[in-house]
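Q: Given next are the chains, with one letter for each unit.
2 protein chains.
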Amino acid sequence: MTRYEHLARLLAERIEQGLYQSGERLPSVRSLSSEHGVSISTVQQAYNHLEDRGLIQPRPRSGYFVAPRRAQPPLPRLTQPVQRPVEVTHWDAIRELLDARHSPEMIALGGGTPDLTQPTIRPLWREMQRIIQHEETCLSGYDDMAGTLALRQQVARLMLDGGSALTTDDIVITSGCQEAISVAVRAICQPGDVVAVESPSFHGTMQILRGYGVKVLEVPTDSQSGISLEALEMALEQWPVKAVILVASCNNPQGFIMPPARKQALLSLARRFDIAIIEDDVYGELAFSYPRPETIKSLDHEGRVVLCSSFSKTLAPGLRVGWIVPGRWRDRVLHMKYIGTGSTAVVTQLAVAAFIRNGHYHRHLRRLRQHYQRNYEDFRCRIRSDFPCGVCVSRPQGGFLMWLELPESLDSVCISRELRAQQVQIAPGTIFSASGKYRNCLRLNYASAFNEQTARALRLIGNVIAHHLAAQAGA
Amino acid sequence: MTRYEHLARLLAERIEQGLYQSGERLPSVRSLSSEHGVSISTVQQAYNHLEDRGLIQPRPRSGYFVAPRRAQPPLPRLTQPVQRPVEVTHWDAIRELLDARHSPEMIALGGGTPDLTQPTIRPLWREMQRIIQHEETCLSGYDDMAGTLALRQQVARLMLDGGSALTTDDIVITSGCQEAISVAVRAICQPGDVVAVESPSFHGTMQILRGYGVKVLEVPTDSQSGISLEALEMALEQWPVKAVILVASCNNPQGFIMPPARKQALLSLARRFDIAIIEDDVYGELAFSYPRPETIKSLDHEGRVVLCSSFSKTLAPGLRVGWIVPGRWRDRVLHMKYIGTGSTAVVTQLAVAAFIRNGHYHRHLRRLRQHYQRNYEDFRCRIRSDFPCGVCVSRPQGGFLMWLELPESLDSVCISRELRAQQVQIAPGTIFSASGKYRNCLRLNYASAFNEQTARALRLIGNVIAHHLAAQAGA
Ligand SMILES: Cc1ncc(COP(=O)(O)O)c(C=O)c1O
Ligand SMILES: Cc1ncc(COP(=O)(O)O)c(C=O)c1O
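Top to bottom, those sequences are chains A and B.
In terms of UniProt numbering, the first sequence has 219 at position 219, counting the first letter as 1, and numbering is strictly consecutive.
In terms of UniProt numbering, the second sequence has 426 at position 426, counting the first letter as 1, and numbering is strictly consecutive.
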């Protein structure tokens, strides 16, 4: 952290703790400079930063003042999805979202792309160069169906961080987490089966279920503790559920980490009703706290949990390298992997393996975690100052996605269309429900470094929401 | 072609045409040397080569003689599969085959791997190096669902060679041809549907059908002209067939190219019964004759034909880059692609695009075509001299696979097991049938340059077959 960032953080904490009250004048630049033994320009930078975050306001010729105190936005409420199995819809809205990610003018706060600008990722490409130079002949042939051994070894090491001791035979490499989930669903389910999911939940997973003719049972989910076990239990009593799919660590879209005791309770429930758990851990390594949370998989001793993950969120989605730990479904998973894509490209697998083996991966993760946490704080401040009251905001514990619940009457599909016309992309809530719920919700991506442009985009979002609210009130 | 190869070819032709009769003495090394104006050692190399191929035999101190004339082996008969829809089996045998490809001692004549040692492929890796150096930032993000535009442009150019004028929007990039077929089947069929295939046909396709609960109707197929249109018509009258899948150009496993008139007739049949055609063109660019055969797709003006292909047979399967031309099923194909793998890795796509754009691809293809044709001739000669009578052999017109039909009573599963113990891998015929037919057939891969080792392997195969035949006759 630079000097000015350190100072800014200190001041932000004092404001947060109420040591400087709303509307109060802050120390002059000169006095702070001598108090902290830093240069005038460092203090000025710190103040600029706090101003950008909306925490303080300058007044001409009188210095800086604490911005009017705004309460922390409330959390979204426990969700209340339709309580019966439904077929998934909304493919068109998702295609619109996915297609928009390639417009260069757009400020993309709607997608699932991580920050790709961190310098700690560069050794990945150097490793790939080296592999092409030295191992050209290994790159050409058909790979082992389960994936390159060198990579499975490294993935086994990573899985230790989440609490699982695995052998290379327990791991099958996939073309991203999407293929891992896809293969898991086809290995476990038949068309017509019912699968329970968190609600809201990742649109890609729901589209997989739709594509294979599997029905979705959306389960009420709390924005801080995750899927409601009480609601899930009731659902399992009522419906012939085959599996539950969830993102229990650094959830997409809400950002929560399910507490360990609840993970354990979920596993017990799955055993009682003899259902499979498909654990999507694609964000699990991006928890703000260290060490990373333990996976549900780590609690499982009977191969009931199938873990799916990838390097798309921690390295680069363009690599298409992921993995699955198929537990008791290994044979069927291999068959589904074979018929889906045969095997995975070799050069990308070897590059990732070398990147991990040579220590670059953990360095990169450390940096990403700090980066995302800082961005989240910046976003939170901005939303607090720029968004109208009544907007509920989730409090992510990792990853780079947050979930907003607007007053019931607002329509995020309209709002996102208006914003798109102004080159700001958000994800409307509807795509996170199988049944078209969450029209008043939206998801924001805070992966990219907070800057002028982002600040402007958030202001714009706040304005559009305020405008819609006012229009409703007037109507 | 080198001088000695040229001379060897000339002599082989003369033997073939009967200008030199079986048992006849060939000209001395010295006289051939002066007749053709080449060195003594060139003639000697040519004679060695013909000897390796089993066409001539040396006799101590008397020179070379034409080997005892063996008739060209007969063609396999029109196949007679079960004439009703069945469920596919035999996954275990395929896994055995696929796993064996990684044993380094094995002489692998059973797999589908192309020759990877041609120097004309090297620019591919240089292009990849360059791309990593100069376009690092383009490689990281999520790709367009349909694939990288630069590659789709090049694929559109290639498709012209097969007779189709397409735009980049008509093409979707996939992770190999396997994903292309998989996506096509899921876009067109529902579980329980019936799909017609050539019999014998590629095991990967049949496993896809099995994986999605689609039934297979195996249609009698001629080893030179392809699927029997008469049998197909009868089948279409009798069963509710949704689609037909075929490898019409350089078939796997038989090597035929369906004549253009039959391709046209097939399309008319498909129109009459309103079924889809999934055309697997993965070997189409490897036809021995130039220009390459036209695709069925090129005859289709209503989007009824879905073409699937990849660079696995012409470049390197480890790249996992293929494509699909989805015709009227574009939206469903994109959905299936999205839910299966999301998108395809970027760095491999860009490398292939640059390789084609810079002229390396057509150079490489030209070399491969010659290489495979030469290998095929070497194999054919060897089989003719080393295999017992009564073995029928297909006559490939392209690609690197040939199909052998042994006398009815022989069991290629046993034979392949015996051969494996001696480090020779072949593909038993059963995996090319949904219903376990072709136990007396096998497929050989002649992709790798013919050498001592291959000659030994073929001799071994011939011996084991002869041994089984003798045992049968004795029993
Ligand atoms: C929760 C979740 N699972 C899976 C995926 C897909 O990951 P990949 O890009 O590795 O296929 C995503 C991507 O957005 C995701 O958010
Ligand atoms: C006829 C046929 N189609 C498709 C494939 C699969 O190709 P790919 O490796 O590109 O997935 C093969 C590979 O053996 C094949 O022989």
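In case anyone wonders, no lab produced these hints; they're calculated from the structure.
The reader is advised that the hints may include incorrect statements.
Put simply, identical chains are the same to the list, so a pair is met inside one copy or across any two.
Said to hold, decoys possible - Straight-line C-alpha distance at most 20 Å; calculated SDA-like pairs for lysine to any residue: (1) 242 <-> 191; (2) 242 <-> 260; (3) 242 <-> 86; (4) 242 <-> 230; (5) 437 <-> 67; (6) 242 <-> 303; (7) 242 <-> 213; (8) 242 <-> 332; (9) 242 <-> 225; (10) 437 <-> 190; (11) 437 <-> 408; (12) 437 <-> 332; (13) 242 <-> 60; (14) 242 <-> 423.
Note that this is a predicted model, so its numbers are computed, not measured.
Q: Compare the structure with each hint and give your call.
A: Cross-check of the supplied hints:
{"no.": "1", "hint": "242 <-> 191", "result": "both (11 Å within a copy, 19 Å between copies)"}
{"no.": "2", "hint": "242 <-> 260", "result": "neither (23 Å within a copy, 50 Å between copies)"}
{"no.": "3", "hint": "242 <-> 86", "result": "within (14 Å within a copy, 28 Å between copies)"}
{"no.": "4", "hint": "242 <-> 230", "result": "within (18 Å within a copy, 45 Å between copies)"}
{"no.": "5", "hint": "437 <-> 67", "result": "neither (36 Å within a copy, 80 Å between copies)"}
{"no.": "6", "hint": "242 <-> 303", "result": "within (15 Å within a copy, 38 Å between copies)"}
{"no.": "7", "hint": "242 <-> 213", "result": "both (13 Å within a copy, 19 Å between copies)"}
{"no.": "8", "hint": "242 <-> 332", "result": "within (16 Å within a copy, 26 Å between copies)"}
{"no.": "9", "hint": "242 <-> 225", "result": "neither (23 Å within a copy, 48 Å between copies)"}
{"no.": "10", "hint": "437 <-> 190", "result": "neither (26 Å within a copy, 28 Å between copies)"}
{"no.": "11", "hint": "437 <-> 408", "result": "within (11 Å within a copy, 63 Å between copies)"}
{"no.": "12", "hint": "437 <-> 332", "result": "neither (34 Å within a copy, 24 Å between copies)"}
{"no.": "13", "hint": "242 <-> 60", "result": "neither (64 Å within a copy, 76 Å between copies)"}
{"no.": "14", "hint": "242 <-> 423", "result": "neither (42 Å within a copy, 44 Å between copies)"}
Figure legend: structure checked against the earlier numbered hints; hints not met, in rising order: 2, 5, 9, 10, 12, 13 and 14.
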